[in-house]
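**Q** The residues making up each chain are set out below.
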Amino acid sequence: MAFEPNEEQKVLKYDELRIYTDEELNNYTDEELKEFKCKHDIPDMDELEKGPWPSFVADCKREALHRRNLADDRMMIDRDVVEDMLGQLQVSFDEGETHWKHGGIVGVFGYGGGVIGRYSDLQERFPSIAHFHTMRINQPASKFYSSDYLRCVCDLWEYRGSGMMNLHGSTGDIICIGTFTEQLEPIFYELGHVLQQDLGGSGSNLRTPACCIGKARCEWSCIDTQAMCYELTHYYQDELHRPAFPYKFKFKFDGCPNGCVASIARSDMSFIGTWKDDIRIDQEAVQAYIGGEFAPNAGAHAGKDWGKFDIEKEVINLCPTKCMWMEDGKLMIDNRECTRCMHCINTMPRALKPGVETGVSILFGAKAPILDGAQMSLLTIPFMECEPPYENIKEVVEKIWEWWPEEGKNRERLGELIQRQGVAKLLKVLGIPPMPQMVKEPRSNPYIFWKEEDVPGGWGRDINDYRSRHAI
Amino acid sequence: MEDIKEAILAFAEKSKKSKFYFNDIQKAVQKVIPDAKAKPIKKAATALINEEKLIYFSTGSSTMYGLKGRGQTEDH
Numbered sequence: 001m002a003f004e005p006n007e008e009q010k011v012l013k014y015d016e017l018r019i020y021t022d023e024e025l026n027n028y029t030d031e032e033l034k035e036f037k038c039k040h041d042i043p044d045m046d047e048l049e050k051g052p053w054p055s056f057v058a059d060c061k062r063e064a065l066h067r068r069n070l071a072d073d074r075m076m077i078d079r080d081v082v083e084d085m086l087g088q089l090q091v092s093f094d095e096g097e098t099h100w101k102h103g104g105i106v107g108v109f110g111y112g113g114g115v116i117g118r119y120s121d122l123q124e125r126f127p128s129i130a131h132f133h134t135m136r137i138n139q140p141a142s143k144f145y146s147s148d149y150l151r152c153v154c155d156l157w158e159y160r161g162s163g164m165m166n167l168h169g170s171t172g173d174i175i176c177i178g179t180f181t182e183q184l185e186p187i188f189y190e191l192g193h194v195l196q197q198d199l200g201g202s203g204s205n206l207r208t209p210a211c212c213i214g215k216a217r218c219e220w221s222c223i224d225t226q227a228m229c230y231e232l233t234h235y236y237q238d239e240l241h242r243p244a245f246p247y248k249f250k251f252k253f254d255g256c257p258n259g260c261v262a263s264i265a266r267s268d269m270s271f272i273g274t275w276k277d278d279i280r281i282d283q284e285a286v287q288a289y290i291g292g293e294f295a296p297n298a299g300a301h302a303g304k305d306w307g308k309f310d311i312e313k314e315v316i317n318l319c320p321t322k323c324m325w326m327e328d329g330k331l332m333i334d335n336r337e338c339t340r341c342m343h344c345i346n347t348m349p350r351a352l353k354p355g356v357e358t359g360v361s362i363l364f365g366a367k368a369p370i371l372d373g374a375q376m377s378l379l380t381i382p383f384m385e386c387e388p389p390y391e392n393i394k395e396v397v398e399k400i401w402e403w404w405p406e407e408g409k410n411r412e413r414l415g416e417l418i419q420r421q422g423v424a425k426l427l428k429v430l431g432i433p434p435m436p437q438m439v440k441e442p443r444s445n446p447y448i449f450w451k452e453e454d455v456p457g458g459w460g461r462d463i464n465d466y467r468s469r470h471a472i
Numbered sequence: 473m474e475d476i477k478e479a480i481l482a483f484a485e486k487s488k489k490s491k492f493y494f495n496d497i498q499k500a501v502q503k504v505i506p507d508a509k510a511k512p513i514k515k516a517a518t519a520l521i522n523e524e525k526l527i528y529f530s531t532g533s534s535t536m537y538g539l540k541g542r543g544q545t546e547d548h
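If you read the protein sequences in the order shown, they are chains A and B.
Just so you know, we're using our numbering here: the first sequence kicks off at 1 and counts up by one.
Just so you know, we're using our numbering here: the second sequence kicks off at 473 and counts up by one.
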């Protein structure tokens, strides 16, 4: 089904929307950059520039010099914002403590997310970063945008913000770092009305949904991740912008089990494309791999001579469920045992392809916290049809959103609620039966309990009568 | 809707803390109106935000609500 946007899509043309001229954008020389000296003494920042890795300090210095050379009326906040940020960071290094005050009332009218307030507590010393708010911009699906779009966003942030950006934040948003409160509404207006662009999520909201590149470029994608991400982003606008959850909630969409957006590790509700029929095998292409006509892994590791391709060693013996073998010169697969690890398909993409009965697996409860240990999501719904308008998927989402906000504690993620109340409760909420695969090992899994109605005789059995026949 | 809004404002004025989670609002409303569901409560809270009687307070990772004029409710 062809993609149909919910509203007419503008084609952004940088030449029509640009704020800065080419001369303003390229307003310093390499020589000037070498000679650049920050207005504050920043020895530790300078030290961070050394070593083999690209440094944000080097980027900041370029931006600081660029702002020094812009005319006064070409920036809506102080030109020194980058230099003051580096200066304050040096002070934090010296003193071993932060001088940012995080959070607050700031935001754009009607939205409870997308803006994260930040203030300096050294405002007299570093006045240009007295306010240093972050804005999160909802990235286009799969981070698939034109350079015209990116240039427009960069110009806007240079004009009304610090010019410093982070592409992309962990959730995928375009992160614009550092502006003053009075610039928030004008930026939001420009983004919404001119660039047709919304803010992303923050706080106790549905966070910006993220998807892999999906069918746009990838032959393995079992679902149209971009269409699904777009639909759920639009459908759940209220949850994205008006916080009423106990804590953050993330959707991520992977087109296949390779998991290029790592939904299994990073989202409360992970959608992973899968198939329920058999892996498609082209036996001639299998022979071409064995014969060396096709490079394994699509030539991805061709920089080194790994020797002749050995299908036994490189594919069959690496299958985690040992469900592959050669028979009369043909590759055979016991598809019932396949766990969708994707290794064989990744190694021989011209010979093996995912099946054609495609849909989505749904997993719950991952989180990737900074301070605590990471938690992977739990495969709960192995297969579900996945076609627009995704009514069956929305039904599942809403069952979760009736349970978690009602019973989750403040700042408790879905995965923690599942741990606290048990997988059996999750299954009851969803109205689905438990699967043997949910039990890690017999008799020791704490999550699945018998219910009285499942046991012949219920709990009313006389234990003394039982013991008279079973002494131990 | 109006009775839920009144219950929210009454809670926001009397609560010990000047900032509170949505869950706290929900529990307070359900004490007064036991059959009130989460969705209408959220709609009422959103309406109060739009009327500029309530404000959002965000730490970046989680969001709280507050009564405008009580505690810290302006940019600083």
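Wrong hints could be hidden among the right ones.
As the list claims (entries may be wrong) - One side of the interface only, derived from the structure: several residues of chain B facing chain A at Cβ under 10 Å:
id, residue
1, Ser-487
2, Asp-507
3, Lys-515
4, Phe-529
Stated by the list, open to error - The following label-pair restraints were derived from C-beta to C-beta distances:
id, chain 1, residue 1, chain 2, residue 2, range
5, B, Ser-490, A, Arg-217, 47 to 53 Å
6, A, Met-342, B, Ser-490, 40 to 46 Å
7, A, Met-332, B, Pro-512, 57 to 63 Å
These are calculated hints, taken from the structure and not from any lab test.
A quick note: this is a predicted structure, and the numbers were derived from the prediction, not measured.
Note that CB positions come from ideal geometry on N, CA and C, so glycine has one too.
**Q** Tell me the numbers of any earlier hints that the structure contravenes, in ascending order.
**A** 1, 2, 6
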